[in-house]
Amino acid sequence: MIKCDKVTKIYQTGETQIKVLKEVSFEIKKGEFLAIIGPSGSGKSTLMHILGALDRPTSGSYFLNGKNMLSLSDDELADIRLQQIGFVFQSFNLLPRATVLRNVMLPLIYDGKTPRNQRQIKAEKALTASGLEKNRWHHLSNQLSGGQMQRVAIARALVNEPDLILADEPTGNLDSKTGDIVLETFKNLNREHGHTIILITHERYVAQHADRMIELKDGQIIADQETLGRVLELKEK
Amino acid sequence: MKSVDLLQEIYFSLSANKSRSFLTILGIVIGIGSVIAMIAIGQGTAKNIESSIESLGTNLLVVSPGSQKSLGSVARGGSGSATTLTLEDSNAIKQQVASAQTVAPTVSSRKQMKTTNGTDTNTSVYGITAAYQSVKSIEVELGSFITDSQVKSVAKVVVLGPTTRDDLFGADANPVGQKLRIESLEFTIIGVTKSKGGTGFGSSDDLVYIPLSTAQQYLTGSKSVSNINVQVTTADLMTATQEQITTLLLIRHNIADSASADFNIVNQADIMDTMSSVSDTLTLLLAAIAGISLLVGGIGIMNMMLTTVTERTREIGLRKSLGAKKREINLQFLTESVTLTFIGGIVGVLIGWLAAVLVTKFSGTTTVVTMSSVLLAFGVSAGIGITFGYYPARRAANLNPIEALRYE
Numbered sequence: 001m002i003k004c005d006k007v008t009k010i011y012q013t014g015e016t017q018i019k020v021l022k023e024v025s026f027e028i029k030k031g032e033f034l035a036i037i038g039p040s041g042s043g044k045s046t047l048m049h050i051l052g053a054l055d056r057p058t059s060g061s062y063f064l065n066g067k068n069m070l071s072l073s074d075d076e077l078a079d080i081r082l083q084q085i086g087f088v089f090q091s092f093n094l095l096p097r098a099t100v101l102r103n104v105m106l107p108l109i110y111d112g113k114t115p116r117n118q119r120q121i122k123a124e125k126a127l128t129a130s131g132l133e134k135n136r137w138h139h140l141s142n143q144l145s146g147g148q149m150q151r152v153a154i155a156r157a158l159v160n161e162p163d164l165i166l167a168d169e170p171t172g173n174l175d176s177k178t179g180d181i182v183l184e185t186f187k188n189l190n191r192e193h194g195h196t197i198i199l200i201t202h203e204r205y206v207a208q209h210a211d212r213m214i215e216l217k218d219g220q221i222i223a224d225q226e227t228l229g230r231v232l233e234l235k236e237k
Numbered sequence: 238m239k240s241v242d243l244l245q246e247i248y249f250s251l252s253a254n255k256s257r258s259f260l261t262i263l264g265i266v267i268g269i270g271s272v273i274a275m276i277a278i279g280q281g282t283a284k285n286i287e288s289s290i291e292s293l294g295t296n297l298l299v300v301s302p303g304s305q306k307s308l309g310s311v312a313r314g315g316s317g318s319a320t321t322l323t324l325e326d327s328n329a330i331k332q333q334v335a336s337a338q339t340v341a342p343t344v345s346s347r348k349q350m351k352t353t354n355g356t357d358t359n360t361s362v363y364g365i366t367a368a369y370q371s372v373k374s375i376e377v378e379l380g381s382f383i384t385d386s387q388v389k390s391v392a393k394v395v396v397l398g399p400t401t402r403d404d405l406f407g408a409d410a411n412p413v414g415q416k417l418r419i420e421s422l423e424f425t426i427i428g429v430t431k432s433k434g435g436t437g438f439g440s441s442d443d444l445v446y447i448p449l450s451t452a453q454q455y456l457t458g459s460k461s462v463s464n465i466n467v468q469v470t471t472a473d474l475m476t477a478t479q480e481q482i483t484t485l486l487l488i489r490h491n492i493a494d495s496a497s498a499d500f501n502i503v504n505q506a507d508i509m510d511t512m513s514s515v516s517d518t519l520t521l522l523l524a525a526i527a528g529i530s531l532l533v534g535g536i537g538i539m540n541m542m543l544t545t546v547t548e549r550t551r552e553i554g555l556r557k558s559l560g561a562k563k564r565e566i567n568l569q570f571l572t573e574s575v576t577l578t579f580i581g582g583i584v585g586v587l588i589g590w591l592a593a594v595l596v597t598k599f600s601g602t603t604t605v606v607t608m609s610s611v612l613l614a615f616g617v618s619a620g621i622g623i624t625f626g627y628y629p630a631r632r633a634a635n636l637n638p639i640e641a642l643r644y645e
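One line per chain: the protein sequences are E and X, in this order. Start counting the first sequence at 1; every next residue gets the next number (the working numbering). Start counting the second sequence at 238; every next residue gets the next number (the working numbering).
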């Protein structure tokens with residue numbers, strides 16, 4: 001589903017060039033649960049932005065569902081984000097002073113094809129999948145706890161039924177217990193609903209929840225293997 | 238994105254941030270309202286002064302008895318007590334000065350008057366000739382004006398100014414044919430003049446007219462006149478005519494030195510110049526105040542719009558990352574700004590207009606709300622509101638969504 005070939009990203013600040021990604025190549029198949037791990041400055045956020053069609057590589061190619069993202073216009077990239085990608089951010093990024101349901105329905109107003117009466121049904125389905133208690137659905141988003149907010153954000157990422165869910169440090173602003181619940185939610189979405197999920201984190205513990213782990217350092221892949229968690233899981237079977 | 242969804246987004250966005258929306262609208266309301274009220278007062282006052290000047294008549298020279306006075310004291314109405322001008326002077330001017338088109342001598346004094354119903358008032362009594370009507374361009378609302386034959390026959394007839402009529406008989410009554418007692422003499426009311434507007438200076442609404450001969454014989458008991466109004470054929474001849482009359486009267490009064498003349502002549506052009514310079518200064522002052530209000534209102538709007546940029550930039554980043562296109566973001570924020578400025582604009586116009594009405598009601602100052610002031614105030618405020626609401630959003634929409642999300 002995803003094919004990256006020699007993806008390079010160079011940031012130009014004044015005279016100096018910073019090579020954040022150096023010819024990164026990998027493939028991701030549909031239905032995978034992948035973690036991209038690396039310390040800060042390793043280029044993992046930049047890679048996530050490229051995978052999420054928020055940014056373009058300087059050179060190399062990135063194919064999503066067979067389409068080369070390098071040749072697309074800003075509006076076409078926006079369409080890709082709308083139809084095929086769901087984001088979950090570290091800082092949730094919900095609309096404050098808006099209800100949970102309205103936050104989840106937000107992507108649907110931009111696609112222009114979901115009838116109005118279908119939107120709430122879709123949003124409720126997504127909220128059920130993300131595991132947020134039903135009695136919270138009509139609350140304002142800024143009245144929720146961090147864990148609840150992240151579930152709203154996950155529901156919002158799910159509502160357009162994207163091919164790919166990108167989660168950027170989704171547990172970064174949560175305590176470990178709530179973080180575990182959120183990670184279980186991702187796992188559940190992958191196992192039960194077949195979503196392709198890419199988890200970006202700097203914590204090895206968090207990455208262990210995924211099946212496969214790509215390790216980045218100084219803009220290069222230094223390891224690409226099954227996680228310990230996956231190995232143990234397979235052994236149990 | 239469908240337009241229904243766009244409108245709903247805007248409604249949610251504005252109603253979710255009530256205090257922000259309210260303060261933005263308030264800034265626009267104050268900016269527009271104050272400008273409209275201020276310009277309405279300024280234009281009303283200018284119009285008032287204009288109609289006062291018009292009610293004086295055109296191309297007019299006023300010869301008054303007494304020595305040279307300053308303009309201001311003459312402008313009070315030439316009610317000096319000197320009695321050096323006579324009807325013969327007036328006739329001489331008429332016969333010997335070619336450019337004196339119409340000559341209207343008047344006698345004026347304040348008298349107590351009483352109707353048969355018992356209502357009374359104290360007001361100016363003008364003894365005049367028929368020529369006075371054309372000199373002062375007086376129009377008659379009811380009945381007729383004083384004629385030369387009535388002057389010749391020393392008739393005891395009276396024409397009322399509209400304000401005096403209102404005072405004595407009530408507003409819009411028709412008193413023609415009724416009797417009016419001035420001092421101890423009974424006069425028949427033969428007409429009421431039309432209101433000329435203009436209050437205070439030069440008002441010709443609160444007075445009564447009687448034939449000149451009647452006034453001289455029964456009220457003042459002398460041959461002298463209070464002043465002589467001379468209408469000059471054309472405006473170009475004003476100064477020349479003034480000199481001719483001066484020379485004529487000096488000879489008639491046997492005065493060699495013009496500095497010791499026992500009369501003075503006021504050229505209406507001088508009065509008009511003074512009045513229009515006052516009116517111009519006033520208009521300028523009010524325009525300056527209006528301009529400052531507009532500036533302050535504009536800065537208020539600008540401030541409100543710019544302080545919300547941080548929050549809005551993150552929101553724009555979020556919307557873009559969810560798949561909103563640049564055009565959709567621009568459209569939403571432009572429509573939001575337009576909505577806010579139009580709500581504020583309409584309320585501001587209403588409040589400014591209401592303020593003008595209230596000023597007229599409670600202070601009596603005439604106010605004129607003009608379309609141009611409404612358009613100016615609306616245009617500037619809407620321009621500022623839309624520019625500063627839309628421009629930062631446009632800039633944010635051009636940012637990479639990641640940068641916009643991280644905006645501090």
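Possibly wrong hints are sitting among the right ones.
Straight-line C-alpha distance at most 16 Å; calculated EDC-like pairs for lysine to aspartate or glutamate [claimed, not checked]:
hint: 1; chain 1: X; residue 1: 563; chain 2: E; residue 2: 124
hint: 2; chain 1: X; residue 1: 563; chain 2: E; residue 2: 111
hint: 3; chain 1: X; residue 1: 563; chain 2: E; residue 2: 79
hint: 4; chain 1: X; residue 1: 562; chain 2: E; residue 2: 75
hint: 5; chain 1: X; residue 1: 563; chain 2: E; residue 2: 32
hint: 6; chain 1: X; residue 1: 563; chain 2: E; residue 2: 74
I should point out that these hints are in silico values taken from the structure, not numbers from a laboratory.
Hint check: residue 563 of chain X vs residue 124 of chain E, CA-CA at most 16 Å. Holds or violated? violated (28 Å)
Is the hinted pair residue 563 of chain X and residue 111 of chain E satisfied, with a Cα-Cα distance of at most 16 Å? holds (14 Å)
Verify the proposed pairing of residue 563 of chain X with residue 74 of chain E, using a straight-line Cα cut of 16 Å. The hint holds at about 8 Å.
Compare the distance between the alpha carbons of residue 563 of chain X and residue 79 of chain E with 16 Å, and conclude whether the hinted pair is satisfied. holds (11 Å)
Holds or violated: residue 562 of chain X and residue 75 of chain E, Cα atoms, limit 16 Å. Holds. Residue 562 of chain X to residue 75 of chain E sits at ~6 Å (cutoff 16 Å).
Given the hint that residue 563 of chain X pairs with residue 32 of chain E, test it: the Cα-Cα distance must not exceed 16 Å. Violated, because 32 Å separates the two Cα atoms, which is more than 16 Å.
Going through the hint list in order, the structure does not satisfy hints 1 and 5.
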